[in-house]
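Each chain, letter by letter, is given below.
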Amino acid sequence: MADSPAANQELEWIKRAQRGDAEAFGFLVERYQRRVFSVAYHLVNSREEVEDLAQEIFVKAFLGVQGYDGRSSFATWLSRVTVNHCYDYLRRRRASRVLYFSQMNEEAQRTLEAKVESPAREGIDVEDRIALRDLAAKLLSRAPAEDRVILGLKELEDLSVQEIAEMLDLKESTVKVRLHRARKRMLEDFRRWQRGR
Amino acid sequence: MRCDEIRKWFEDGEGGQMPASVREHLRTCAACQADERDWSLVRTGLRVLSQEPVPNASTGFAARLTRRLAEPSLAGRAATQFWDLIGRRVILVGSLLTLTLVMALVLPPSGPWRSTAGLDLSLLQAEVAAENDPVLPDDVGSSRSAAPNVQAGEDRTGR
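Protein sequences, first through last, are from chains A and B.
Residues 327 to 523, numbered by this note's numbering, are exactly what the first sequence covers, in order.
Residues 4 to 162, numbered by this note's numbering, are exactly what the second sequence covers, in order.
It is possible that part of the hints are untrue.
Claimed, not checked - Straight-line distance between alpha carbons at most 27 Å, and here's what the computed BS3-like set of lysine-lysine pairs gives: (1) A:K341 <-> A:K386; (2) A:K386 <-> B:K11; (3) A:K510 <-> A:K386; (4) A:K497 <-> A:K510; (5) B:K11 <-> A:K341; (6) B:K11 <-> A:K497.
No wet-lab data here; the hints were simulated from the structure.
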């Protein structure tokens, strides 16, 4: 998109936004709102809060757009603002409440227990899918904020290691190590749940 | 393959085809079978979660936000962000300079930590002895490195 009309148009909006033009920034909001909603939703997993978060993210981006120097694409820069904001939000939320597996929906928990105890792997039916979805959501919500962010970007947003590295301003090797640790911790938490039943 | 390599393969797994060596290991290792099963369950849950539709912005989200951004308080804040940033840096540099200046004025001017704790005591003693010796003020330099107190005593008896 380097020299396309769309890229030139975007550059023009960015320059105007950097001079404080809210209307120009509004065009950027329209272009990127879907992406911001998607990243924010996958990181915080809360339908009720995602719009408020997106609004805060865009306000923060507008106030900080003068710092955008064009070294990465605007989409990447905005995603970085989104991830940072969600990270702060998750840390605050985690500090304010601790989640227990016992808070899981009882029916989902029973289905999941049966699934885990069944001897051979069977096909995944709708009930299983709901139970496993609940379990994954619970494991994610219990995970530390940094695990949650990196797993959200990889497993839910389906980004490549390279894309995550660019977004978080990290080396690819660092992202791989963090992903490995996050998955390992998540699996350990899953086993804690199994042992605690 | 070893069990830790198998575990790493699951945890790093990008979801591709399972290599024959991993399959072979799984046939004979119950612990790794359990690991594979656990991770597969968690991964399935994550996949289901990722397929859920992302909520859309409510109607008029961008327009409402643009109106909010155009409010004088926010637009003014955006315009002054740059100067805030510069101002913070000026304050930081100023504080560092002030601190350096204060330390330079407050600390004594000699010693490794600008204190007398690390001085050579024998030199200090020689200096003190030389200052107390009323007889041979001109010989102090030559007698400092020897035993100054003895020398001073000999001088007194010699007189």
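Going down the list of hints, with the structure as the test:
no.: 1; hint: A:K341 <-> A:K386; result: holds (17 Å)
no.: 2; hint: A:K386 <-> B:K11; result: violated (39 Å)
no.: 3; hint: A:K510 <-> A:K386; result: violated (33 Å)
no.: 4; hint: A:K497 <-> A:K510; result: holds (20 Å)
no.: 5; hint: B:K11 <-> A:K341; result: violated (47 Å)
no.: 6; hint: B:K11 <-> A:K497; result: holds (20 Å)
Comparing the model with each numbered hint stated earlier shows that hints 2, 3 and 5 do not hold.
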